[in-house]
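K.L.:
Spelled out, the chains give:
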Amino acid sequence: MRGISFVPANTHIPFMAARRVFLAASAGLVIASLALFAVRGLNYGIDFVGGILIEVQTQGPADLPDLRTRLSGLGLGEIALQEFGEPNEILIRIQKQEGGEEAQQQAMEAVKAELGSTVEYRRTELVGPKVSKELFWSGVEAVAFALVAMLVYIWFRFEWQFGLGAVIALAHDIISTIGVFALLGLEFNLSTVAAILTIAGYSINDTVVVYDRVRENLRKYKTMPLPALFDGAINETLSRTTMTSMTTLFALLALYLLGGEVIRGFSFAMIWGIVVGTYSSICIAVPLLIYMNLRPSGGGGEAAVTAPAEKAS
Amino acid sequence: MVHFTKWKIALVVLVCVAGLWCAWPNLLSRDTAAALPEWLPVPEQINLGLDLRGGSHLLLEVETGVVIQELMEALVDTARAELRQARIRYTGLGADGASVRVTIMEPGRLDEAVKLLRDADADTAVSVDGDRITLTMTDAAIADRQRSAVAKTVEIVRRRIDETGVREPTIVPQGDDRVLVQLPGIDDPEQMKRLLGKTAKMAFHLADDQTPVAEALAGRVPPGSMLLPLDSQREGRGQQQRIVVQKRVVVSGEHLIDAQPTFDQQNNMPIVSFRFDTVGAKRFGDATSKNVGRRLAIVLDGRVISAPVIRDAILGGSGIITGDFTVEESNELSLLLRAGALPAPLRILEERSVGPELGADSITAGEVAGVVGLVVVAIFMVVAYGFFGVLADLALLFNIVLIVAALSVLQATLTLPGIAGIVLTIGMAVDANVLVFERIREEVRAGRTPISAIDTGYSRATTTIIDSNLTTLIAVTVLYVFGSGPIQGFAVTLALGILTSLFTAIMLTRMWVVLWLRRTRPKVIPI
Numbered sequence: 001m002r003g004i005s006f007v008p009a010n011t012h013i014p015f016m017a018a019r020r021v022f023l024a025a026s027a028g029l030v031i032a033s034l035a036l037f038a039v040r041g042l043n044y045g046i047d048f049v050g051g052i053l054i055e056v057q058t059q060g061p062a063d064l065p066d067l068r069t070r071l072s073g074l075g076l077g078e079i080a081l082q083e084f085g086e087p088n089e090i091l092i093r094i095q096k097q098e099g100g101e102e103a104q105q106q107a108m109e110a111v112k113a114e115l116g117s118t119v120e121y122r123r124t125e126l127v128g129p130k131v132s133k134e135l136f137w138s139g140v141e142a143v144a145f146a147l148v149a150m151l152v153y154i155w156f157r158f159e160w161q162f163g164l165g166a167v168i169a170l171a172h173d174i175i176s177t178i179g180v181f182a183l184l185g186l187e188f189n190l191s192t193v194a195a196i197l198t199i200a201g202y203s204i205n206d207t208v209v210v211y212d213r214v215r216e217n218l219r220k221y222k223t224m225p226l227p228a229l230f231d232g233a234i235n236e237t238l239s240r241t242t243m244t245s246m247t248t249l250f251a252l253l254a255l256y257l258l259g260g261e262v263i264r265g266f267s268f269a270m271i272w273g274i275v276v277g278t279y280s281s282i283c284i285a286v287p288l289l290i291y292m293n294l295r296p297s298g299g300g301g302e303a304a305v306t307a308p309a310e311k312a313s
Numbered sequence: 314m315v316h317f318t319k320w321k322i323a324l325v326v327l328v329c330v331a332g333l334w335c336a337w338p339n340l341l342s343r344d345t346a347a348a349l350p351e352w353l354p355v356p357e358q359i360n361l362g363l364d365l366r367g368g369s370h371l372l373l374e375v376e377t378g379v380v381i382q383e384l385m386e387a388l389v390d391t392a393r394a395e396l397r398q399a400r401i402r403y404t405g406l407g408a409d410g411a412s413v414r415v416t417i418m419e420p421g422r423l424d425e426a427v428k429l430l431r432d433a434d435a436d437t438a439v440s441v442d443g444d445r446i447t448l449t450m451t452d453a454a455i456a457d458r459q460r461s462a463v464a465k466t467v468e469i470v471r472r473r474i475d476e477t478g479v480r481e482p483t484i485v486p487q488g489d490d491r492v493l494v495q496l497p498g499i500d501d502p503e504q505m506k507r508l509l510g511k512t513a514k515m516a517f518h519l520a521d522d523q524t525p526v527a528e529a530l531a532g533r534v535p536p537g538s539m540l541l542p543l544d545s546q547r548e549g550r551g552q553q554q555r556i557v558v559q560k561r562v563v564v565s566g567e568h569l570i571d572a573q574p575t576f577d578q579q580n581n582m583p584i585v586s587f588r589f590d591t592v593g594a595k596r597f598g599d600a601t602s603k604n605v606g607r608r609l610a611i612v613l614d615g616r617v618i619s620a621p622v623i624r625d626a627i628l629g630g631s632g633i634i635t636g637d638f639t640v641e642e643s644n645e646l647s648l649l650l651r652a653g654a655l656p657a658p659l660r661i662l663e664e665r666s667v668g669p670e671l672g673a674d675s676i677t678a679g680e681v682a683g684v685v686g687l688v689v690v691a692i693f694m695v696v697a698y699g700f701f702g703v704l705a706d707l708a709l710l711f712n713i714v715l716i717v718a719a720l721s722v723l724q725a726t727l728t729l730p731g732i733a734g735i736v737l738t739i740g741m742a743v744d745a746n747v748l749v750f751e752r753i754r755e756e757v758r759a760g761r762t763p764i765s766a767i768d769t770g771y772s773r774a775t776t777t778i779i780d781s782n783l784t785t786l787i788a789v790t791v792l793y794v795f796g797s798g799p800i801q802g803f804a805v806t807l808a809l810g811i812l813t814s815l816f817t818a819i820m821l822t823r824m825w826v827v828l829w830l831r832r833t834r835p836k837v838i839p840i
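If you read the protein sequences in the order shown, they are chains A and B. Under this note's numbering, the first residue of the first sequence carries the number 1, and numbering increases by one thereafter. Under this note's numbering, the first residue of the second sequence carries the number 314, and numbering increases by one thereafter.
Simulated from the structure, these hints should not be mistaken for lab results. Predicted model only: the values in this text are computed from it and were never measured. Heads up, some of the hints might be wrong.
To be verified - What follows is a list of derived Cβ distance ranges for each label pair:
id, chain 1, residue 1, chain 2, residue 2, range
1, A, Ala-110, B, Gly-606, 56 to 62 Å
2, A, Ala-9, B, Glu-670, 50 to 56 Å
3, A, Glu-109, B, Pro-350, 33 to 39 Å
4, B, Pro-835, A, Lys-222, 34 to 40 Å
What the hints assert, rightly or not - Subject to a maximum C-alpha distance of 27 Å in a straight line, what follows is the list of computed DSS-like cross-link-like pairs (lysine-lysine):
id, chain 1, residue 1, chain 2, residue 2
5, B, Lys-603, B, Lys-560
6, B, Lys-560, B, Lys-511
7, B, Lys-511, A, Lys-112
8, A, Lys-130, B, Lys-511
9, B, Lys-428, B, Lys-465
10, B, Lys-836, B, Lys-319
11, B, Lys-506, A, Lys-133
12, B, Lys-514, B, Lys-465
13, A, Lys-112, A, Lys-130
14, B, Lys-465, A, Lys-130
15, A, Lys-130, B, Lys-506
16, A, Lys-112, A, Lys-133
17, B, Lys-603, B, Lys-514
18, B, Lys-514, B, Lys-560
19, B, Lys-514, B, Lys-595
20, B, Lys-511, B, Lys-465
21, B, Lys-560, A, Lys-112
22, B, Lys-465, B, Lys-560
Ideal Cβ placement from N, Cα and C applies to all residues, glycine included.
With the sequences and hints as input, model every part of the structure.
P.N.:
See below:
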């Protein structure tokens with residue numbers, strides 16, 4: 001029983017020839033993401049801004065306008081109601097109340113008193129102002145720390161150029177994921193941060209596989225022009241990159257479609273991350289190496305290697 | 314390469330058998346698994362997180378400021394007593410934040426006063442500015458008191474929760490002044506919050522009959538007395554009444570050894586009966602025998618529950634508290650009194666509850682997604698790699714078995730993101746095999762013989778596999794260190810998934826491939 005190759009055995013896709021297009025497109029993506037983040041901001045969940053989230057199940061399809069009127073009558077500020085999966089499942093979000101932890105408790109009690117026992121409470125979450133601030137900063141810390149730790153690891157295992165290239169590609173993935181969340185107004189919460197860190201892990205995994213081949217070929221073909229060498233490495237690992245991205249996407253799609261409403265945002269972030277992470281490993285992480293002094297074998301040698309490379313592209 | 318040593322084979326088989334053995338109880342229902350005989354060396358089933366089995370998570374903050382304030386008040390009392398005993402005249406004695414100030418009015422005796430105050434309490438630092446003395450608690454002493462307040466809080470919270478019969482609660486201190494409470498199976502924590510919301514400091518005070526309430530309301534409360542609200546436990550029953558009581562405590566709640574809800578024989582009203590220890594009983598006896606006809610106020614958290622008139626001396630060390638209670642209230646009050654008082658009030662910082670149905674729905678959804686993901690990935694692998702794909706799929710199955718076994722042995726908590734982590738692992742776990750298989754294909758194309766192609770394929774791919782997985786492992790470790798609750802659960806399953814997939818790719822499938830090579834000696838590799 002022999003398998004079928006999904007990617008032809010000897011591909012020669014000239015990725016390096018298009019590197020300026022990739023880098024420009026990615027720069028555009030990053031700038032657009034940052035602009036979206038600055039202008040629209042993120043739709044932070046209660047994990048990061050505090051507030052109350054209640055998921056209820058009503059008997060029969062929920063009467064959203066009626067619920068909205070009843071709850072806004074409580075004077076708790078902004079209240080968002082949203083159908084959650086089924087027509088009889090409603091997610092209620094109440095903004096953080098002024099006046100510290102006790103005020104949140106009172107708001108929750110007021111809502112429960114208003115809804116009474118006509119609904120079934122599937123989930124209630126209340127995050128006070130103190131904890132939400134801490135959760136936010138520990139999330140930022142986690143992402144920053146993970147980036148540095150991976151940079152250091154790759155720096156030790158490879159060369160500093162690889163570490164830098166990988167981390168730039170990673171930052172690209174993370175920033176564009178944040179951009180997508182800003183664009184679509186998806187809720188940004190603790191599980192989004194977990195998704196981002198997992199994307200980081202996956203993307204760097206992908207990058208390392210390609211880099212590994214680049215390193216191997218650098219040893220093997222000492223005089224080959226860098227763009228050709230990089231193209232070779234990418235094409236040789238392309239079959240693997242595609243296979244793994246596909247299997248991971250299959251698993252994540254199953255999770256997105258069948259895993260339930262609660263982790264839908266989480267699996268969406270991951271799906272986006274796998275796509276962008278695979279792209280960045282090939283089209284950002286490797287081309288970046290061209291601009292870094294990868295063969296520091298004396299001034300003349302380096303010029304001799306890179307000059308024809310520029311022409312070749 | 315074809316030499317896969319015997320001890321390696323033994324090791325791989327051992328790990329797989331151990332994995333299967335540790336994982337199988339998870340196929341049983343909870344009750345059947347619990348009924349497995351003790352002598353069977355299988356671990357317990359996977360520990361489900363609150364988001365999967367339903368329950369409440371409360372993050373509480375101990376208001377340690379109150380503890381420090383009380384300490385300062387005690388320090389004021391000590392200073393007053395010392396100075397009075399030495400007959401040193403002073404003024405402006407009072408607590409101010411975390412320090413106590415006093416001004417000495419006899420300049421010649423300043424040094425004597427400083428020495429007195431310095432010796433009075435080892436935990437305070439004394440500084441002098443002109444004729445003013447400042448006593449400050451040392452940082453170490455404050456930290457120490459906070460720590461013991463948190464430890465005491467954990468103990469009292471545990472006692473209160475145990476009294477309600479909640480099974481397997483988790484009560485652990487977090488950070489300097491926090492306590493994390495997890496209550497499996499409790500998806501409506503209102504009763505718990507009510508129980509934990511009360512400090513339950515109880516004391517008996519004699520009423521101050523000399524001062525009319527009207528006087529006190531006008532602001533003329535004598536120094537030894539205080540004006541307290543008198544109420545039943547329930548709000549809004551009749552108008553708010555107040556009562557003036559002496560500050561001096563007759564007996565405090567610390568001397569209670571038991572409290573039980575019961576009913577008044579005469580009118581069948583719910584009441585709470587209590588019993589004192591010997592010291593308490595003696596004080597209570599003395600006070601009641603000397604003050605027959607006066608009112609005795611029972612004060613809980615600064616409110617007077619009831620203030621019955623003392624009819625005759627109560628010498629047996631036990632008594633009752635009446636107070637227009639409902640049955641529920643008398644139950645709750647006696648529970649609080651039995652469990653003891655919190656050293657400081659608690660504040661709820663974070664509260665998350667999940668109903669059991671949502672938890673069950675999540676498990677089902679996760680299982681469905683996992684199985685579908687698994688099947689799709691498995692088919693894909695077979696289509697892509699044929700016979701080798703089948704080996705990779707078998708390895709994937711073992712991979713999942715090993716994750717389940719590891720979760721059971723470690724008793725790590727499986728959360729909803731944890732299930733997501735397993736599903737993600739299903740997708741990513743085949744990566745190591747994909748790397749090897751692709752490499753073997755390359756080597757075959759390069760014209761190597763089957764044995765040599767497989768040999769080179771494995772040895773070349775292994776460094777890549779280790780490098781790429783270790784970087785992922787770093788990200789996941791960070792996730793664990795900085796994450797909380799469910800996120801940590803996700804990190805744990807993902808980390809286990811990476812480790813087990815390293816094992817299955819480098820050891821397990823490799824062993825199968827080697828054994829297959831040895832037996833069949835193929836001319837062509839079907840890949």
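K.L.:
For every hint, state whether the structure bears it out.
P.N.:
Taking the hints in turn, this is what the structure says about them:
Look at Ala-110(A) against Gly-606(B): about 47 Å separates their beta carbons, and that is not inside 56 to 62 Å. For Ala-9(A) and Glu-670(B), the Cβ-Cβ distance of about 52 Å falls inside the hinted range of 50 to 56 Å, so the restraint holds. The beta-carbon spacing between Glu-109(A) and Pro-350(B), approximately 48 Å, falls outside the hinted interval of 33 to 39 Å. Taking 34 to 40 Å as the suggested C-beta distance range, the pair Pro-835(B) and Lys-222(A) conforms, at roughly 36 Å.
Distance hint between Lys-603(B) and Lys-560(B) is fulfilled; the C-alpha atoms sit about 18 Å from each other, no more than 27 Å. Among the hinted pairs, Lys-560(B) with Lys-511(B) is consistent with the structure: their alpha-carbon atoms are about 21 Å apart, no more than 27 Å. For the proposed pair Lys-511(B) and Lys-112(A), the alpha carbon gap of about 21 Å is at most 27 Å, so the pair holds. Our distance criterion of 27 Å between C-alpha atoms is met by Lys-130(A) and Lys-511(B), whose separation comes to about 21 Å.
Between Lys-428(B) and Lys-465(B) the CA atoms are separated by roughly 33 Å; this puts the pair beyond 27 Å, and the hint is violated. For the hint pairing Lys-836(B) with Lys-319(B), the CA-to-CA distance comes to about 25 Å; that is within 27 Å, so the pair holds. At most 27 Å may separate the alpha-carbon atoms for a hinted pair to count; Lys-506(B) and Lys-133(A) meet this at roughly 23 Å. Under the criterion of a C-alpha separation no larger than 27 Å, the hint pairing Lys-514(B) with Lys-465(B) is consistent with the structure, at around 14 Å.
Proposed proximity of Lys-112(A) and Lys-130(A) is supported: the alpha carbons are some 23 Å apart, at most 27 Å. Simply put, Lys-465(B) and Lys-130(A) have alpha-carbon atoms about 23 Å apart, close enough for the 27 Å limit, and the pair holds. The hinted pair formed by Lys-130(A) and Lys-506(B) meets the criterion: a straight-line CA distance of about 19 Å does not exceed 27 Å. About 26 Å separates the Cα atoms of Lys-112(A) and Lys-133(A), which keeps this hinted pair within 27 Å; it holds.
For a cut-off of 27 Å, the pair hint linking Lys-603(B) to Lys-514(B) stands: about 25 Å separates their Cα positions. The hinted pair formed by Lys-514(B) and Lys-560(B) meets the criterion: a straight-line CA distance of about 14 Å does not exceed 27 Å. For the suggested pair Lys-514(B) and Lys-595(B), the alpha carbons sit about 20 Å apart, so the restraint of at most 27 Å is met. For the given pair, Lys-511(B) sits about 15 Å from Lys-465(B) by alpha-carbon distance, which is consistent with the 27 Å threshold.
This hinted pair does not check out: Lys-560(B) and Lys-112(A) have alpha carbons roughly 40 Å apart, beyond 27 Å. Straight-line distance between C-alpha atoms of Lys-465(B) and Lys-560(B) comes to about 26 Å, which keeps the hinted pair within the 27 Å bound.
Violated hints, in rising order: 1, 3, 9 and 21; the structure is consistent with all others.
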